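Trainee: Spelled out, the chains give:
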Amino acid sequence: MMIYEKMDSIAILKATGFAGRDVKTIFLFISLSIGIAGGLLGLLFGFILSVIIDQIPFVTASLPTVTSYPVNYNPVYYIIAAGFSLATTFFAGFFPAKKASKVDPVVIIRGK
Amino acid sequence: MKTILEAQHINKYFSSPNKIKVLNDINFSINEREFVTVIGKSGCGKSTLLYILSTMDTDHEGSLVIDGEKMDEKKDWELARIRNEKIGFIFQFHYLLNEFTVLRNVMLPGLKLGKFTEKEIEKQALEKLAMLGIEHLASKKANRISGGEKQRVAIARALINNPAIIMGDEPTGNLDKKNREIVFDIFSSLAKEFNQTLLIVTHDESMAAISNRIIEMEDGRIIN
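Each protein sequence line maps, in turn, to chains U and B. First residue of the first sequence: 252, per the working numbering; consecutive thereafter. First residue of the second sequence: 3, per the working numbering; consecutive thereafter.
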């Protein structure tokens, strides 16, 4: 996990005057940025793929009006996907961030 | 003369595996403009004492007063604020954040304090770097400079908020002779020309020699 690699940085931040909650905010910010970037990329590529799939010919006697593969572009699904990517990264980041906020700088500085 | 730091009856125990008393009734004070070094053998408790005096270690008995303010019973974020504003810290190994440039590293405690705008902090940071003769490193990434340069950048960072006191934990412990001498010169000019109060823990005799007062520790007590 990232916070184990960043122990030194956390100790420096705390020693120079950042409080536990500041450290927590920084790590939550990082995980949410990953969530936003990942979510946007996912939505974009998902949309492109569905447009491509939409072009595939799909002819069936039972549905005479359908000529290509049916795709539902309802924005609700995109909103659900975006919400899900944010929620998962938030929870994936929340507990490590909480742990990072509790790192004792003295243990790290003495440890070397 | 104004007292910057005062330690009153500080006791500290390590509890694992057995309860051991590592600091025994430490009493002393540091006045404004004093350059104090704490010396003693490894394990005498001098670093432990410094962590307590820097407010990072709050698990101790006795009181600590910094710049007229009592530190006991203060909350985590209040202590962080005091470290940010009043204390400049210099370590032996933990220098800089490698993700950032030298300039950004120096600016960071200033940005946290938020007393000045980013532009003003940048100007002050460049002044501190120039004072230490390393302004040419400002735009370099922190992991692209030498160990001696890193320590000077760390000194610039410690100075950025014009702290009441600079604390150093073996600041020359990991440097070669040439860089050690550079750091000595910086500390003595900070003390003499800039009237900076300094508290440096060291086992370097030549560092102690340039200070105004030497506190000698043995087995958790001040002996001299």
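If you're looking for bench data, these hints aren't it; they were derived computationally from the structure. Wrong hints could be hidden among the right ones.
Claimed, not checked - Simulated crosslink set (BS3-like; lysine-lysine; CA at most 25 Å straight-line):
# : chain 1 : residue 1 : chain 2 : residue 2
1 : B       : LYS117    : B       : LYS88
2 : B       : LYS143    : U       : LYS349
3 : U       : LYS350    : B       : LYS77
To be verified - Label-pair restraints from in silico Cβ distances:
#  : chain 1 : residue 1 : chain 2 : residue 2 : range
4  : U       : TYR328    : B       : LYS76     : 47 to 55 Å
5  : U       : GLY334    : B       : LYS180    : 57 to 65 Å
6  : B       : LYS180    : U       : ALA332    : 52 to 60 Å
7  : U       : ILE281    : B       : THR5      : 39 to 47 Å
8  : B       : GLY45     : U       : PHE296    : 54 to 62 Å
9  : U       : LEU294    : B       : LYS21     : 55 to 63 Å
10 : B       : SER148    : U       : MET258    : 22 to 30 Å
11 : U       : MET253    : B       : GLU63     : 34 to 42 Å
12 : B       : GLY175    : U       : THR276    : 53 to 61 Å
13 : U       : ARG272    : B       : GLU220    : 38 to 46 Å
14 : U       : PHE280    : B       : SER191    : 22 to 30 Å
15 : B       : PHE196    : U       : GLY293    : 28 to 36 Å
16 : U       : ARG272    : B       : SER191    : 46 to 54 Å
17 : B       : PHE16     : U       : TYR255    : 56 to 64 Å
Stated by the list, open to error - Here chain U is said to cover these stretches of chain B; the calculated rule only asks that three of the stretch's residues, wherever they fall, bring their Cβ under 8 Å from a Cβ of chain U:
#  : stretch
18 : 56 to 63
19 : 108 to 118
Values in this document were obtained by computation on a predicted structure and should not be read as measured data. Heads up, the beta-carbon is just placed ideally off N, CA and C, and yes, glycines get one too.
Trainee: If a hint holds in the structure, say so; if it doesn't, say that too.
Mentor: Okay, the hints, checked on the actual structure:
Under the criterion of a C-alpha separation no larger than 25 Å, the hint pairing LYS117(B) with LYS88(B) is consistent with the structure, at around 13 Å. Restraint check for LYS143(B) and LYS349(U): the C-alpha separation of about 29 Å exceeds 25 Å, so the hint is violated. The straight-line distance between the Cα atoms of LYS350(U) and LYS77(B) is roughly 18 Å, inside the 25 Å bound, and the hint therefore holds. Distance hint check for TYR328(U) and LYS76(B): the Cβ-Cβ separation is about 51 Å, which falls inside the suggested range of 47 to 55 Å.
Checking the proposed 57 to 65 Å range against GLY334(U) and LYS180(B) shows it holds: the Cβ atoms sit about 58 Å from each other. The given range of 52 to 60 Å is respected by LYS180(B) and ALA332(U), whose C-beta atoms sit roughly 59 Å from each other. At roughly 42 Å, the beta carbons of ILE281(U) and THR5(B) sit within the given window of 39 to 47 Å. In this structure the hint that GLY45(B) and PHE296(U) lie 54 to 62 Å apart at CB holds, the actual value being about 59 Å.
At about 58 Å, the beta-carbon gap between LEU294(U) and LYS21(B) stays in the expected band of 55 to 63 Å. In this structure, SER148(B) and MET258(U) meet the distance hint of 22 to 30 Å, their C-beta atoms being roughly 23 Å apart. As the Cβ distance of MET253(U) to GLU63(B) is approximately 37 Å, the hint placing it in 34 to 42 Å holds. Range check, GLY175(B) to THR276(U): Cβ separation about 33 Å, and the 53 to 61 Å hint is violated.
Hint check: ARG272(U) to GLU220(B), Cβ distance near 39 Å, so the stated range 38 to 46 Å holds. Checked against the given bound of 22 to 30 Å, the beta carbons of PHE280(U) and SER191(B), roughly 39 Å apart, lie outside it. The hinted window of 28 to 36 Å between PHE196(B) and GLY293(U) is violated, with their beta carbons roughly 55 Å apart. A C-beta distance of roughly 37 Å is found between ARG272(U) and SER191(B), which places it outside the suggested range of 46 to 54 Å.
The supplied range of 56 to 64 Å is broken by PHE16(B) and TYR255(U), whose beta-carbon atoms lie about 25 Å from each other. Residues of the stretch 56 to 63 of chain B with a Cβ under 8 Å from some Cβ of chain U number 3, which satisfies the need for three, so the listed coverage holds. Restraint check on the stretch 108 to 118 of chain B versus chain U: 4 residues with Cβ-Cβ distances below 8 Å, three needed, restraint holds.
Taken one by one, the earlier hints fail for this structure at numbers 2, 12, 14, 15, 16 and 17, listed in ascending order.
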